[in-house]
Structure formats: C-alpha cells, structure tokens
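This is what each chain is made of:
Protein chains: 2
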Amino acid sequence: MKTLILLLTLIAGPLSAQPSDSLRIRSIYDEALARGQAYEWLRYLSKQIGPRLSGSAGAQKAVDWTKQLMEQQGFDRVFLQEVMVPHWVRGAKEEAYFRIGKQKTAVPIAALGGSVATAPKGVEAPVVEVKTFQELRELGAEKVKGKIVFFNRPMDPTRLNTFEAYGGAVEQRANGATEAARLGAVGAIVRSMTTAQDDNPHTGAMRYGTGVPLIPTAAISTNGADLLSKSLKENPNLTFFFRQDCESLPDARSYNVVGEIRGSEKPEEIIVVGGHLDSWDLGEGAHDDGAGCMQAVEVLRIMKTLGIRPKRTIRAVMFMNEENGLRGGIGYADYARKNNEKHLAAVESDNGGFTPRGFGIVGTPEQRAKAMRWKELLAPYGLHDIGPGGGGADIGPLAQSGTVLFGFKPDSQRYFDYHHTGIDRFEAVNPRELALGAASMAALVYLIDTYGL
Amino acid sequence: MKTLILLLTLIAGPLSAQPSDSLRIRSIYDEALARGQAYEWLRYLSKQIGPRLSGSAGAQKAVDWTKQLMEQQGFDRVFLQEVMVPHWVRGAKEEAYFRIGKQKTAVPIAALGGSVATAPKGVEAPVVEVKTFQELRELGAEKVKGKIVFFNRPMDPTRLNTFEAYGGAVEQRANGATEAARLGAVGAIVRSMTTAQDDNPHTGAMRYGTGVPLIPTAAISTNGADLLSKSLKENPNLTFFFRQDCESLPDARSYNVVGEIRGSEKPEEIIVVGGHLDSWDLGEGAHDDGAGCMQAVEVLRIMKTLGIRPKRTIRAVMFMNEENGLRGGIGYADYARKNNEKHLAAVESDNGGFTPRGFGIVGTPEQRAKAMRWKELLAPYGLHDIGPGGGGADIGPLAQSGTVLFGFKPDSQRYFDYHHTGIDRFEAVNPRELALGAASMAALVYLIDTYGL
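Going down the list, the protein sequences come from chains G and H. One gets our numbering by counting positions in the first sequence from 1 and adding 15 to each. One gets our numbering by counting positions in the second sequence from 1 and adding 15 to each.
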C-alpha cells in the first residue's frame, strides 16, 4: 500500500496536494472561524456606510474606507484605480396603485436601475399581462399600444440552483421595457426576481434598446404581482398608475480599490480575489456584495496572519459598478493589459455570504482538471460542487487574457430573498457562513498559489 | 461500453438504482419546491399553537391539530399513542444581575428545564468561574461552598459541524448543577450553548445526580457570560443574584401522533419518518422541531400526491417529549415491540429546517453500504454527506430491534443561533430550505421502500 501511494505521488507530481496542505487549510478555517474579521468589517460597511450605488456619496465613502482598511492591514501596496461610472438616482419614493372604478389598491414598486422617470404626475393606463416576449409579440401593437405591459413570469421554483431560475426570468427586467415600447406601450411593470412571496420590490439593472421610446419601468413585489394578476382576471379593464422620478446624471468619477501582498518567488504572476463594492440603493448591500468584498480582504488578512508568504502576488480587488455598468471590471482588465500584468487566476465572491458549496471554473479543460484535483482537500469543508461553471461578472473581462476564473458558489437558497431589496441588510448575514466563505476562498487561493494552474 | 454497463447492472443486482428512480426523485423535489405544504403547516404550528413543552396546553393542541392534519390528508390510519411525560413549568420570568458594590448589572438568563426554583426572594452569592469539571474539582469544596458556580466553556467555533461543538460543551448544562452541588455550591449558571454572540439565553434539559442537593440552575446569554467573566476578573468579589420559580409537576398524559400509508406488498414492514412535536417554551419551536414534524407529514403527502404506492408501510410519527424525557421515543419502541411490529428503518429530522447536506446512518456495515449506493441519486440534490453518523434521539430506542436509523443532516451553521431560545420562530425558517429537507427525506424513504436494506 505504501508503495502504491508513493507511486501515485510520483505520477501525480508537484501538482498533487502534499500532506501539509490539509493542515494549512485546516489552519485557514480555524483562523476564519475563531478570529475572523469579515463579519465586523461587514457590519461597518453595512451600518456605517450603507447603500453605495455607483456615483453616490455612499460609494465614495466605501472607496475611502476599504482603502483605509487595507492599509491598516499592512498589505504591501494599496491603490485606487480610476473608472468613470454611470450615475443613476432613484429620486423620490415611487408610488403605484391599480384602480378599479373608484377603488385604488396600492402596490409596492421600485424603479429599475437605468429607467427614466414617469411624467411628474405619473402615468396611468390599462394593463396587458404577459409571461413571455413571444406572448407579447403575438398580442401585437394593436393590443399593446397605450398600455402598461405587466411581465409576470415567476422564477422557476423547481430549479435547485436559484441562479438558474433567475437566469430564466431576468430578461423580463433587463429588456421588458424595450420589448413593450416597440409595440407602443407607455410603461412596463416587472414581477420581482425572487422565489420569495412578500412585499419587497427587487430593483436591478435594465437597458433600453436603440430606436425605441424610453418608457418608465419598475419592479413590483411578488405579492403585488399576484394581486394585480388576480384582479386583472376579474377586472380586465382596471388601470395601473405609477410615478417615479429617477434620473440618469452624467457619468461620475469612481474607483476600484486594490490591495496586494507581493509574491516572494513570482511576483509578476497575479492572483485576484474580489467582490464588488457598489450596491443597489434600497438596502445595505450586505449579501450583494459587501460580503464578497469583506471576504476578499479577509483572504489576504488570513494569509498574513498565518504567515503564509505567497509565491505569487495576491490581490484583493473591490470592483466598482458591477450592478449597472461593469465599468470597474472592464477598467481593471484594461489596466492589467496596459501594464502587461499577467493574471494567473481570479476568484470572485458575488453570490452572497452563505454556506460554501463549491466553485465554478472557467478555463481550459486542462486547467479545470488541475483545479479539480484539489477536491479531496476541499470536500471536508463542504465544497463538493467544484467544476465547470460561471466565474463572475467583474472578473469576466480578464478571461480574454487567459486568466482562469473561479466563481465562489455558496448555497443559493436564500440569496434571492434579499437580492436588490431593502432587506439586504447586515442582519441577513450569518457570521459563520460568511467566515466559511472567506476560508474557502483563502484555501483555494493558497492552492492556486502553491501549485499554479 | 454498453456491455460494461450491462455487466455492472447485473453484478449490482436489484439493489442498484434503476433509471426511473432518478425521474421519480426529480418529481419528488418538484412537488416539494413548487407545491410544498410543510411551510404553511409550520406557520400554523408556530403561530397558532406556538410553544409546546411536554405537559403544556400547547403540546395538547399540537397533538390534536397534527392528528387532524394527517386525517385531512387521507392517510390510511391515524392514531394516538399514549405516553406519560414529565411536566416542568418555568413560572414567572427569571431575574438576574451581578452586583459590584451598590451597582447592579442585569443579565439575561433562562432556567434550565428540570431545575428547581430559587428561594422566592432569589439567591445571591459570590461566583467561581470554571471552564471544565476538572477545574471545578481542583478548586475543591473549600472554594466552592456557598458560591454560585459559573460554567463558561464556549462551544468550539472551529468545528465545522456545530453539533460536534455542542457535544463538546453541553455537559455543562446537563450536569453542571450536580457537579457544583457536590462541592456545596448554592447555584449554577451556565453559558448558553451557542456560537452566536447575543442576548438570548438558551434553555435546555438538565438532570440532578443522585445524592446531591438540588440547587437552582440557569443559562446565561453569551453576551451576559462575557460581561460577567470580564467583570469577575476586575472584581473577583462581585455577587450574582438570580430568581426563578420553575417547578416539576406530576407527570402528565400525552401522546405520540402517528399517521400511516399502508404498504401494498409488505405492509408488515414499517418505515418510520418523524420529528418531535414537543418544544421548549421560550419560542415557537419552529426549527426544533416543528420543521421535522411538518417535513415528516409532507413526506407522506408527497408520496400520496405523486401516486407512489409504497410496498411497505410508511409511518409519520410526531414524537412527544424529546426535549426533557424522551418518553415518546421510548414509548414508541415499546409499542412496536409489544405489537411485534417489524421496523425496517426510521428517518428522523431534528437538526432544523435548513438546506440538506446528507444523512447519518446507524446500522450494520452491510446496511450502511446498501444505503450509500444511493449517493449517486442523491448527490445532484446537494446530499453529499451520507455515511455513518447519528440517527436521532426519538428513533434511537428502535435500534435495539435492528431498525436501521437515518438522521437527516441539514447544514448546521445557523441551528444553534436559535436552538432553545425565544427566537426559534417561524420567521427563522426559509421555505425552500424546509421544502428541500422534506424532499430529501421523501427521496430516501422512497429508496428504502423500493430496495429494502
């Protein structure tokens, strides 16, 4: 048996895990669970800074504070990287109701990011409800013109991974207004992207197609959507009213915040670990994505605290503007290209601060296979789901240069309860789940640094 | 390749999973996720009935309601099974503070289940803080007599599985008062069994050893414990005061509630799926263990709804009195023995309504190996942790008769945030996580019924 193990070790070569790796990884988890800092940092970011939509004062405070935080950690270099970002503001709180005869029934809505305002007095019109763009097109301009289109296709609750359910529904939010405007609609209302049944509207980015009128669009809570749908069946002629005064201002100056520990052997090879610093304006952006940012800083802190001197340069990047422009992610990749930086790998946490389940990998089959050899070391920590998958929006632009991308995959069941709402608050984050995520990312970064890809 | 698969199928024989099993399991999850009932049932049990400590009016209401619920589901047989249970009552809300000079600092406590009251005016005494029973014994009677012993060993936060951390600390709660009384202490205060840092005291069962004075004992919140510990370092002579008027009344009549679907081929072989219906008195017993009870009923509902006619008899059992006596579990096993019932397997859910991770199995190596062949069918649903492990307190007594036990293992990170506190409420349960647990249990029961053990 010993001979066999020796033989396998020789065959596997330097890429295979060494016995000491399991001890090292254990020490990473111990540090995160017993003395982790990410949770208290997230408390500050959520409670003292709060919402930080691109271009807002909150976003600027978050830039200043995370730079200071990383400097206090004694990282080898901390710097800002300028990007120009869209600057959309919600304005006054939205108002919405549907009217049957003289009776008005209020429903909770939130303007979608990027939407135009309604007229100051609001817009009121009859409603056509559809589940798909196909259904809308079949109705045709005759039945849509002058109306408000109500997109009401729910996320599929039977998908185990809620991100797949989101992927199957989110086109309504992103492109619904454009599809409706093509047929002469005067507004678009979209069922919130969540499997939860409640009164929280979920905002999020939308974009207007070219050559169509810019009509106002908002998300309605799932309870509101169900009530509207039921009422429409009973009263097809009801009218829907909404008012919002959101606005797109000129692009604003902002920053990615970068901190690094310089590599001892191959400092020119960079491993990025990051999240996005901007958030929607309704809550505190605790899960989306304060969690990922604080976990990224925690990865570097853990390495420093445990005396792990990486061979390669490890960089924590707080990307700006993932939510409504991705300027930070694009700008970072541009910066890397211009400076001839070699990015070996990038790890992003942007799926919430929940219990870790694995990592999705974007890379060549050989690179994926190398990373999947680490499964055995990571499975004891509940990381079973390691294989091909999405990386992350912010790190996506690095793929063009051959960087291997890793998307952190926490348990997805609760994420869309909070996503883009007023309840994405610090209280929704569990300290152990957050810490386990940071430890999982640190363990992966340690393995990438030690064995390459 | 086809030949190889055929060969493997022949070797594996009838125990191996058939292709249709994966479709059947998929339909179980679809039903639970899209049309699951467990969450709304749990809402009723938590909000309309609430706490249901053995012997209380709430426990009786829960017995009546779950019987009615199972009858409404049209199960083949629903019946009550009488057991006599301990009847402990908390009485008036406890009061506690520590005193330094004239300054009193209030701290949150909760009497431990089974504890005696203090004198009506309370008890006040100097404090000795210890981490272990060994440490206490080394102090000896001289330093302990007349004092209140403060057991302050935290649950180990570095254990990935919080139940292991609990196992390493809970002797303080169960036996602390006895150990303290042996050395002449007048009271015992125990750090709450949780890794959370907050103001919620966690109650739970304790027992008095024979031949020692019955001294009052209570749990103190973790924030309270840290404050007391810190204050003791600065003021070793501070005194601690607490008052509680809890009481053990004569045993009360209660019931296990049992519902079954009769097997079509081997009705005499029984598969139990269950949870415990009693709860502590402070919260709503939502995770502990309303979740497990409603999941068990949901397993039978799903089978009925999908037209799965089991070969064996499937029984949902709501056990009474897991928290402070286990009379229901013991009584059920007695009943089975007296009636010569053959229990093939028993599945218990008593670790909260969180995202499923696996099952712990108690059985012979051969039985475990059979069950572990189903891993491949269950892994797509996140059930990776299937192997030797604990079954469950209520089903434990069945093991003597050779029943194979399965303990449902959901993710454990949040369980001890709520366990035995006032915040174990319906709001702490996520509907998807609860539904996934019910589906996982139903899938396991389906496989046991189809292939035996």
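Please note that the accuracy of each hint is not assured.
Copies of the same chain are indistinguishable here, so a pair counts whether it falls within one copy or spans any two.
Stated by the list, open to error - Quick list of in silico lysine to any residue cross-link-like pairs, SDA-like style, CA-CA up to 25 Å:
| # | residue 1 | residue 2 |
| --- | --- | --- |
| 1 | Lys390 | Pro403 |
| 2 | Lys62 | Ala443 |
| 3 | Lys108 | Tyr350 |
| 4 | Lys119 | Lys390 |
Bear in mind the hints are in silico, worked out from the structure with no lab data behind them.
Evaluation of the provided hints:
1. Lys390 <-> Pro403: Both. Shortest intra-copy (13 Å) and inter-copy (21 Å) distances satisfy the 25 Å Cα cut-off.
2. Lys62 <-> Ala443: both (13 Å within a copy, 22 Å between copies)
3. Lys108 <-> Tyr350: Classified as neither; 38 Å inside a copy, 63 Å across copies.
4. Lys119 <-> Lys390: Classified as neither: same-chain Cα gap 57 Å, cross-chain 54 Å, threshold 25 Å.
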